[in-house]
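K.L.:
Hey, can you work out the whole structure from these sequences and the hints?
Chain by chain, the residues:
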Amino acid sequence: MPMIEIKHLRKEYREGSKSKVALKGLDLELEKGDIFGFIGPNGAGKTTTIKMLATLLIPTAGAASIDGIDVVKHPEQIRSIVGYMPDFFGVYDDIKVWEYLDFFAAAYRLPRDKRPGIIDEVLALTDLTEKKDSYVESLSRGMKQRLCLAKTLVHDPKVMLLDEPASGLDPRARIEIRELLKELQAMGKTIIVSSHILPEMEEFCNKIGIIEQGELIVAGDVNTIARQVRGQHNIDISIVEDLPRAMAILEGMTDVVREVKITSGVRGSRRDEQGTQADAPSQLLQKTDTSGRGGVLQIGYVGEPDFEYLVLQALIQNGVKVKAFYTPETDLEDVFLRVTKGHVA
Amino acid sequence: MFENPVLRKELFLRLRIRQMSVLSRWIGSITAGILISWIYISILRWVFTDASSRTGSDVWSACIVLQVAITCLLAPAVAANSITQEKEQQTWDMLIFTRLTPQEIVFGKLIARYAVLIFINMLFMPIQLAGWMRSPHDVTFLTFGLTEMLLLISGLFFTTFGLFMSWLLNRTLFAIMCSYSFVVGGLIIITSLITAMLSFFAADDMFTKSPLMWLNPVMMTYEAMNPHDNANTVFFLAFGLLSYLILTALLVWRMVVGFRRFALMA
Ligand SMILES: Nc1ncnc2c1ncn2[C@@H]1O[C@H](COP(=O)(O)OP(=O)(O)OP(=O)(O)O)[C@@H](O)[C@H]1O
Ligand SMILES: [Mg+2]
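Chains as they are written, first to last, in my numbering: chain A, 1 to 345; chain B, 1 to 266.
By construction, these hints were calculated from the structure, which means they are not laboratory data.
One-sided excerpt, in silico: chain A residues whose CB lies under 7 Å from chain B: (1) 56; (2) 79; (3) 84; (4) 86; (5) 88; (6) 89; (7) 90; (8) 107.
Computed from a predicted structure; not experimentally measured.
Don't be surprised by glycine CBs; every beta carbon is placed ideally from N, CA and C.
P.N.:
In structure tokens form, the structure reads like this:
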């Protein structure tokens, strides 16, 4: 029996007299121990789905069950086996970290004598032990996020629904959340975690679903999908003159070059726009009016990484004056990590 | 009941003074203690030494009037932020996601806020009692009992109404406004206006006959303090207070039963 089973789940919001479809019949099955990355742009319907699983919204149609329990019919039972972390949340004023956790532990009906031990455990897991006696409002945003995760863990839920647990965090804090999720994965929990960003999820999700405008576009094994979505990597080519000819050559290499676009039309200037990896592959070519001047082209390379040089070779052999040929460094996180150190402030 | 985590949190953890230093906490409580005892001692001395025979009942009446005023002005607001604030701070979803039952949440919040009101009323008790002891004949046992009941029940009703508004609405400001509009605007002003309008067409004693006025807390206080004839007064107040209690129960019932359903609609 799947741990999470969603069938034709649909949600319409009423907005005055009109109704707005936020989720158009979602189907999904997750096994115990799955870490499901739920990815999609703003307004795609991630929060709506998660809230319905969390019994906080009633579906318009369809059904969902967690561990065999129907979310609409038995919300109380669901809440005892599920941990939920909302996308936006606040904390109580005038309350210390351990009191906050104690409150939720009590609210989950954990026996009084067991609570201190459990609180220490979740604090250690979320790396907040030093903050045990601090007031909650004095914590930084990242710490509050971890505290919320700690709160989500007090009743040792089988299933966790985490709605953008890493939003608004700096790269280091995101990595820390990621590490924490890996630990939870090792503990055998089934997790649904939503995000806008794909690369962030690859590392610890074994399944992934991409949702857009209320529809699950793809769902399944992470490696397969990551390759589908990011089957190409970008190469920037800076050219001294005659951009159109270079483009024509590149466009001719349809077997290895997916997408050619001009990122900077002015000779010698740096590209003014970073090509995003999520650009739809369907857009094969982007033509812009160019004079015979130079500029920077960006191509989506889909061939074997070791044979990139063939593209360069083809350009040079055709007399194109190539000034530079490189893969743009977009990994800010990497840079950030090298200059920071991971202390709990 | 004291195992209820909502009640415990509302009662013990909310006090701002917890964040003050130990020294300022001591200084604060000693100052407050001295001030309150000084007020008590001077009033009590005056009550028991003043020659006039009416002093006792005057002091008692003054206390009741003040307490009713405080109840009407404080009770509607005292609980009106208790749920809207959680919605505004975005803690509400997480609270109702726990295994707490609607009863625990509703009663936890209601009792904690009502306790504030009771505490303030208790501060008046020594003076009230002294006034009553000084002139036991002016303030009959019936009058005393009725006024205390009035304070307790109207306080509970207004507090519950504030909580209900807080549950129903999403903004603290609106909840407080609606709550005041109902108690001050509706129960006190509108009942009087309608009755006054009606009395143009009816007999002079409309004010005591109109059932609307039986719900007016000011009128009820007046009746309780000046019982014209006992049977009528008791009937009049019993009607008002019972209505308050029934409405309180209805509001609580509505909140508990509709608790989740309503939260889900938002
Ligand atoms: N309470 C509501 N009333 C009406 N429409 C809503 C409501 N909540 C969400 N929607 C709509 O439903 C759609 C899905 O919203 P949802 O919050 O699920 O998106 P999301 O994927 O979580 O987006 P984000 O990444 O911004 O968090 C959006 O178009 C949104 O406008
Ligand atoms: Mg969202």
